[in-house]
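Please put together the full structure from these sequences, using the hints given.
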Amino acid sequence: MNQAASALGKDLVGLEPLSREQIVAILDTAEPFKEISERRIKKVPVLRGKTIVNLFFEASTRTRVSFEFAEKRLSADTVNIAAAGSSVVKGETLVDTARNLEAMRIDMVVMRHGSSGAAAFLAERIPSNVVNAGDGAHEHPTQGLLDMLTIRDHLGRIEGLKVCVVGDVLHSRVARSNIHGLLKLGAEVALCGPPTLVPPVFRELGVEVFTRVEDAIQWADVLNVLRLQLERMEAGYVPSLREYNRIWGVSNARLDAAPHDVLILHPGPMNRGVEIDSDVADGPHSVILNQVTNGVAVRMAVLYLLAGGQPEKAEAAKQGAE
Amino acid sequence: MSAERIPLMDETAVRRVVARMAREIVERNGGTDRLALMGIHRRGVQIASLLRAEIESAEGVAVPIGSIDISLYRDDLEAIGPRPIIGGSELPPNGVDGSNIVLVDDVQYTGRTARAAINELMDWGRPGRILLCVLVDRGGRELPIQPDIVGRQVEVMEEQQSVEVLVPELDGRLGVDIVYKHPEEAA
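Residue numbers (our numbering), protein chains in the order written: chain G, 4 to 325; chain H, 4 to 190.
For the record, the hints were derived by calculation from the structure and aren't laboratory data. Every residue, glycine too, gets a C-beta built ideally from N, C-alpha and C. Hints may be right or wrong, so weigh each one.
[Said to hold, decoys possible] A few chain H positions that, by computed beta-carbon distances, are all more than 12 Å from chain G: (1) Arg23; (2) Ile68; (3) Asn122.
[Said to hold, decoys possible] Restricting the straight-line Cα-Cα distance to at most 20 Å, the calculated cross-link-like pairs of lysine to any residue (SDA-like) are: (4) G:Lys45 / G:Thr296; (5) G:Lys37 / H:Leu94; (6) G:Lys45 / H:Pro95; (7) G:Lys187 / G:Glu41; (8) G:Lys37 / G:Asp110; (9) G:Lys46 / H:Arg118; (10) G:Lys165 / G:Pro262; (11) G:Lys165 / G:Arg23; (12) G:Lys37 / H:Gly98; (13) G:Lys46 / H:Asp126; (14) G:Lys37 / H:Pro96; (15) G:Lys13 / G:Lys165; (16) G:Lys75 / G:Ala87; (17) G:Lys46 / H:Pro171; (18) H:Lys184 / H:Leu146; (19) G:Lys46 / H:Val157; (20) G:Lys75 / G:Val91; (21) G:Lys75 / G:Arg108; (22) G:Lys45 / H:Asp100; (23) G:Lys13 / G:Val98; (24) G:Lys45 / H:Gly128; (25) G:Lys46 / H:Glu93; (26) G:Lys37 / G:Lys165; (27) G:Lys37 / H:Glu93.
Okay, here's the thing in C-alpha cells:
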C-alpha cells in the first residue's frame, strides 16, 4: 500500500467516495491513537498551531465532544459554534458563515448540518479541510468508521461478517455510512425494521432486507441498533413506541434464540426499552461504550491524516531528504 | 535505479560494537539499577533488543525495554505528510518515572529524531536521566544534540550518500551499508 493510494485528500465527506484501502488506512492509523488517551498526559503535539472550528447546525453532544477531545489531544486550537445564538439564525448563508471563519484564518471545519450534501457543498467552496460530522440523512463517516473499528477489535475482522443495521434506516446517516463502509470491507450487510422505515429500495445498494427482527438475529454476527427518534411516531412511521418495542425491540429473549453470540452496537443516545432493552444494552455482548472510546481515536486518525495529507509534497520530500 | 551499496559493517562487526556499547551503558549507569532501554522505531527497536541481550549475558539482568514511535512528535508533518501507519509507543513495564532511560536509534543524522523522542519521553513522565545511544553517527547535525554512546562514527557525503542499518527482522541480515542515492551522478 503506497501513501498516495491511502491518502485521504482534502476532506472527509463520506465513506461512499473512499476506497477500501483508504478506509483500512484510517482504521489502522486509529490503533496507535487509542493508546494516547490512556496516557497520563493525553496529548501529542502533532496538530499544534492548527485551528479547527466545530460548526454544529444541529444539536449534538456525543459527536461534538468526541471531536473536541480528538482535536485537543492532538494539540489543535478549537472553537465551537452552535447554530442557536449564531449569525445563522440571523439569516446568514452557510457559505458566508464559512468565509467569515476563513477570514479569521482557520485550518479545518468539522460540520454537522441538517441538510444532506451540506458537507460536500462546503468542501467545494472553501480551502480548509472539511470533516462531515453528519449531514442530514446522507452520511456520518466517523460514526461508520468507529463502528467498523469496534467490530474489528472484538471479532478480529470485517470481511465475511454479517452485520445487520436495525431500526430507522430511512432517516439514518449512520446507516448509510455503515452500509458503504462495511460493503467495501467485504462484510455482508442487512437492514431490518418496519417497511415504512426500511423501504425495499435499499436492496439496490446490495444489502439484504429483513422485515422480522427474529430473522435478522438468526442471520447476524453483529447488530447495529439505531435510535428510534420519537418524532417518527408523530409522523406516522410507527404506530407507537410500545408497539415498536414489542415487534422490533432487541431483547435478551430474542437474542437467546440466536444460534451464536451477537455483538451489539448502538450509536447513541439510546432509548432504553424502545429499540433496545436495558439487559441487552448493559449485557456482556454490548460494545456500546467501546464505540464511544473508539470514536475519539478514529477522529484523531482522520484529523491527522487530513492535516498532513499532501501526498505530492510527501513524495517530493522523500526523494530529497532520507 | 539500482542504488550502489558499500558495506560498512558486517554482522560480526555490528555484534562486536554492540557488545562494547552494552558495556558502556552499564558503566555510565553504574550498573543495571533503574536502567531501561527504549528503541526508536523502527530499527532502533532491534538494536535495543541486541543491547539488552548483551547486557543480560554480561550482567545476568534482563533490563526493562520499551519502544517509541516519534511520528506524532515530528516537526515536518506538513512537509512530508502523515506516515500511513504509526508504530505506537510502548513503555517499559515500570514506566519512565525515575528511570534511567537509554534511547536507542540506528543512525543519528540531523538530531531531529532524538529531539522528538526526548519530547515524547517527557510527556510520558519524568525520567531520572536520558542517555542517547546510536549504532552509527553519520554527522550532519541540525540541532545541538549529541549521542552519549556511539557504535561507529562515519563521514558521508551529505547529499549523495545515506547510511542504512540492516536488521534480520526487517532486512534478512544484520549489518550497516553506505548507499549512494544517485549512483550515476556520484560515480
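Checked hints:
No beta-carbon of chain G comes within 12 Å of the beta-carbon of Arg23 of chain H; the shortest separation is about 28 Å. No Cβ of chain G comes within 12 Å of the Cβ of Ile68 of chain H; the nearest lies about 17 Å off, and the non-interface call holds. Interface exclusion of Asn122 of chain H from chain G breaks down, the closest Cβ pair being 7 Å apart, not more than 12 Å. Our distance criterion of 20 Å between C-alpha atoms is met by Lys45 of chain G and Thr296 of chain G, whose separation comes to about 14 Å.
Restraint check for Lys37 of chain G and Leu94 of chain H: the C-alpha separation of about 15 Å stays at or below 20 Å, so the hint holds. This hinted pair checks out: Lys45 of chain G and Pro95 of chain H have alpha carbons roughly 18 Å apart, not beyond 20 Å. In summary, the hint linking Lys187 of chain G to Glu41 of chain G is not supported, as the alpha carbons are separated by about 31 Å, beyond the 20 Å threshold. Restraint check: the Cα-Cα separation between Lys37 of chain G and Asp110 of chain G comes to about 24 Å, which exceeds 20 Å; the hinted pair is violated.
For a cut-off of 20 Å, the pair hint linking Lys46 of chain G to Arg118 of chain H stands: about 17 Å separates their Cα positions. Between Lys165 of chain G and Pro262 of chain G the CA atoms are separated by roughly 13 Å; this keeps the pair inside 20 Å, and the hint holds. Note on Lys165 of chain G and Arg23 of chain G: the hinted pairing holds, with a Cα-Cα distance of about 18 Å set against a maximum of 20 Å. Proposed proximity of Lys37 of chain G and Gly98 of chain H is supported: the alpha carbons are some 18 Å apart, at most 20 Å.
Only pairs whose Cα atoms come within 20 Å are accepted, and Lys46 of chain G paired with Asp126 of chain H is accepted, the gap being roughly 8 Å. Taking the CA atoms of Lys37 of chain G and Pro96 of chain H, the gap is near 18 Å; set against the 20 Å cutoff, the hint holds. For the hint pairing Lys13 of chain G with Lys165 of chain G, the CA-to-CA distance comes to about 32 Å; that exceeds 20 Å, so the pair is violated. In summary, the hint linking Lys75 of chain G to Ala87 of chain G is not supported, as the alpha carbons are separated by about 24 Å, beyond the 20 Å threshold.
Using a Cα cut-off of 20 Å, the hinted pair Lys46 of chain G and Pro171 of chain H is violated, with the two alpha carbons roughly 34 Å apart. Of the pairs offered as hints, the one joining Lys184 of chain H and Leu146 of chain H is violated, with about 24 Å between alpha carbons and a cut-off of 20 Å exceeded. For the hint linking Lys46 of chain G to Val157 of chain H, the alpha-carbon distance of about 37 Å lies beyond 20 Å, and the restraint is violated. At most 20 Å may separate the alpha-carbon atoms for a hinted pair to count; Lys75 of chain G and Val91 of chain G exceed this at roughly 26 Å.
With a CA separation close to 18 Å, the supplied pair Lys75 of chain G and Arg108 of chain G stays within the 20 Å bound. The suggested pairing of Lys45 of chain G with Asp100 of chain H holds, with an alpha-carbon distance near 16 Å, which does not exceed 20 Å. For the hint linking Lys13 of chain G to Val98 of chain G, the alpha-carbon distance of about 18 Å falls within 20 Å, and the restraint holds. In summary, the hint linking Lys45 of chain G to Gly128 of chain H is supported, as the alpha carbons are separated by about 12 Å, within the 20 Å threshold.
Pair hint Lys46 of chain G plus Glu93 of chain H holds up; C-alpha atoms about 16 Å apart against a cutoff of 20 Å. The hinted pair formed by Lys37 of chain G and Lys165 of chain G fails the criterion: a straight-line CA distance of about 26 Å is larger than 20 Å. Between the alpha carbons of Lys37 of chain G and Glu93 of chain H the distance comes to roughly 12 Å, so the proposed pair stays at or under 20 Å and holds.
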